[in-house]
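Enquirer: Residues per chain are reported as follows:
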Amino acid sequence: MKRSTTKAALAAATGLALAAGMAACGGTNGADGGDAAETPKSDCAAYDQYGDLKGKSISVYTTFVDIEGASYEESFKPFSECTGATIKYEGSKSLTADVLGRIEAGAVADLVAFPQPGLLQQAIATGKVLEAPAAVAANVDQYWTASWRDYGSVDGKLYAAPLGASVKSLVWYSPSAFDQAGYSVPETWDELLDLTKRIADDGVAKPWCVGIADGDATGWVATDWVEDLVLRSAGPEVYDQWVAHEIPFNDPRIVDSLKEMSKITRDGAYVNAGIGDIQSIAATMWSDAGTPVMDGQCFLHRQASFYGGYFTDAGAKVAENGDIWAFYLPSSDPSTKPILGGGDFVAAFADRPEVVAFQTFLSSPEWANTKAKATEGGWTTANSGLEKGNLKSAVDQLAFGLLADPSAEFRFDGSDLMPGVIGADAFFKQMTSYFAEGKSEQAVADAIEAAWPK
Amino acid sequence: MDALLLHPTTIGGKLLLMVIAIALFALVMAAVLGLAQLPKRQTRGAAAAVFLFPALALVCFGLIYPALVTIKNSFYDQTSTSFVGLKNFATILSSPEFLTTLRNTVAWVILVPLLATGIGLVYAVLVDHARVEKFAKTLIFLPMAISMVGASIIWKFVYDDRVGILSRAYRAVAGWLGAEDPTAPKWLMDAPWNTFFLMVVMIWIQAGFAMTVLSAAIKAIPDDIIEAGRLDGLTGVKLFRWVTVPMIRPSLVVVLTTVAMTALKAFDIVRTMQGGHFHASVVANDFYTQSFNNHDKGVGAALAVLLFVIVVPVIAYNVHQLRKAEDIR
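In order, the protein sequence lines correspond to chains A and B.
Offset between the first sequence (1-based) and my numbering: plus 62.
Offset between the second sequence (1-based) and my numbering: plus 631.
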């Protein structure tokens, strides 16, 4: 009997250790959004409208972690300091994989920032997303353009207000390298092709560097290229029809756009500068692909505004007269100015007064300006209430300027709007084959069309 | 109260939650063990039931229930709302991409167990009674201590086009043989060979497992049997073929089938190394992509069911062999 008691005690002890381990691992990776209002600031007047929310808490779930996540938490501070509410922030890169499961389980945060409108639409289809409150809708109507409102709406009803934004139609270059070689920034697509040829003929280095690898998301960089080219060679109207699948994916105009893209991305004399052959594009991490611009191994790199942070990290000064700068990827017809971009949208799963208040705050110019001041670089928004000067990085200002340009036609990243089977899978895989196997433009488009859900 | 206990925000609250969790766990454990102490007077059946209950409950909630739901989902549409019959299976089986995936999975299941077991067996025999046996065994067993994801990252560097040791070695050898400006193959990109280069990672890990089990089996062969074989004139390869292999056959089968099941579930290696691109995907990776990237629960569940159907015969064979081995004893 004694022996077995000892055994039982041992087993219980082991159990204890296990349970302790589990409890220790069970903590969330969120953090508090600052303590309640102990030191009320003098400039709290703008927050009076949200009322006294002392003791209330609001949970927020986004894809932003590390430095990006910290800048979000920082931007929530004035709200929690002035109203007394606690913001529970959680950031996870796997949001896109787990958010629908969380919604289904009823364990989702009060507010979720969706990085893709397509995923947002799927979430709305579950019936759990609440319609945007009137105050949020009023802010969206006042500060955003109609197309941004549409991406967060279903059947004309607004569900989610836009949050951040990025501009993808940018080409990174080195102003000093351009000066030395006597190159100038091209104004049209044809001029860009001429410049490409001239750089190649000069023979110092190949003109373009491209990389589309990103683990299981390999290919998204290439889909951005295609989208930019469809916008330029087929135009925004065709682009809308193409994304909505009103015309097939292998429509001749789309295939032509792909062929236009191939003039650069599949010409062995033009790519892949400083890295390797055409095939190497499929194996090069997107984050490593642009940095050869800094040491003159490559002259041109097409990538979104958020890539600026990678140059800064590598020690370059990103500014109009700095080491690295970006120009707008020109359109075929200089009178039009299509812009490809992305962004995220905040949907609510609760309508407690404090949630509505915070949701309203996030759609306000106050938040946009606070966020701009809290961010070193790599963030912008299409909220027209943002003061451009509050953005710390020059390229963020450039991106904001493009988003606010009334002559520009903004279009959302098409792969984020297409069904997941296409936008997160077939389109990625086929574009990878386009580089890795040299698959023809027609075959790529045909294969994606065949995969489109019927 | 609910918020306080389930979502503690202060350190004190978190500690309290931990103490409560531990207390609850200890309570359950004590109850189970206390019940098990009772027997003496009771039947063995009751004691067995007490011990079986936690395992059975876990199997039911953690395995059987999800399995049934998955099977159900495989006949429903992507949000599991309406019945679509066999449409998901038709979608999968009519896609050329998936047939490649299936071919890859079959290659994994056949080649990985054979190569891992083969290498492990030869190694076990070679180092048996050698002077550096322990050290040599440790060397091949070490990779077992590395997680699949860790191993994948290591091998990703090995295969890297620019810094990879394999590509460098290839270029050096090709250059030495007289090739002008040689370029190494893109190990992880060129199908179908890339699947083989992915398998190498699992073989590297599993050979250590095979070696350990088989080495123990070889050591368990009674000396008199070996001696009898020797007296009958068997030496070297013949002794190995006619005495060693038949004596360790049950262990061999168990190792082969266990590694085959691991290979069937291969996911982390494929996902970490190249995300299932370049025609090197396997069923488990497709299942994840469909369920969590594409948010198509129906097709995802159908893939899981297919994987289950493929794995059943292997498990059945494994169990059958285990039973046979027990009968011999």
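Honestly, the hints are just simulated from the structure, not real lab data.
None of these values were measured; they are calculated from a predicted model.
Some clues are possibly wrong.
[As the list claims (entries may be wrong)] Here are the simulated lysine-lysine pairs, DSS-like style, with alpha carbons at most 25 Å apart: (1) A:LYS516 x B:LYS703; (2) B:LYS703 x A:LYS155; (3) A:LYS118 x A:LYS139; (4) A:LYS150 x B:LYS955; (5) A:LYS190 x A:LYS150.
[Said to hold, decoys possible] Just a few of them, taken from the derived set where beta-carbon distance is under 10 Å, the chain A residues facing chain B: (6) PRO177; (7) ALA279; (8) GLY281; (9) GLN341; (10) SER502; (11) GLU511; (12) ALA512.
We put the CB at the ideal spot given by N, CA and C, even for glycine.
Enquirer: When the structure is checked against the list of hints, which entries are broken? Sort them ascending.
Expert: 2, 4, 6, 10, 11
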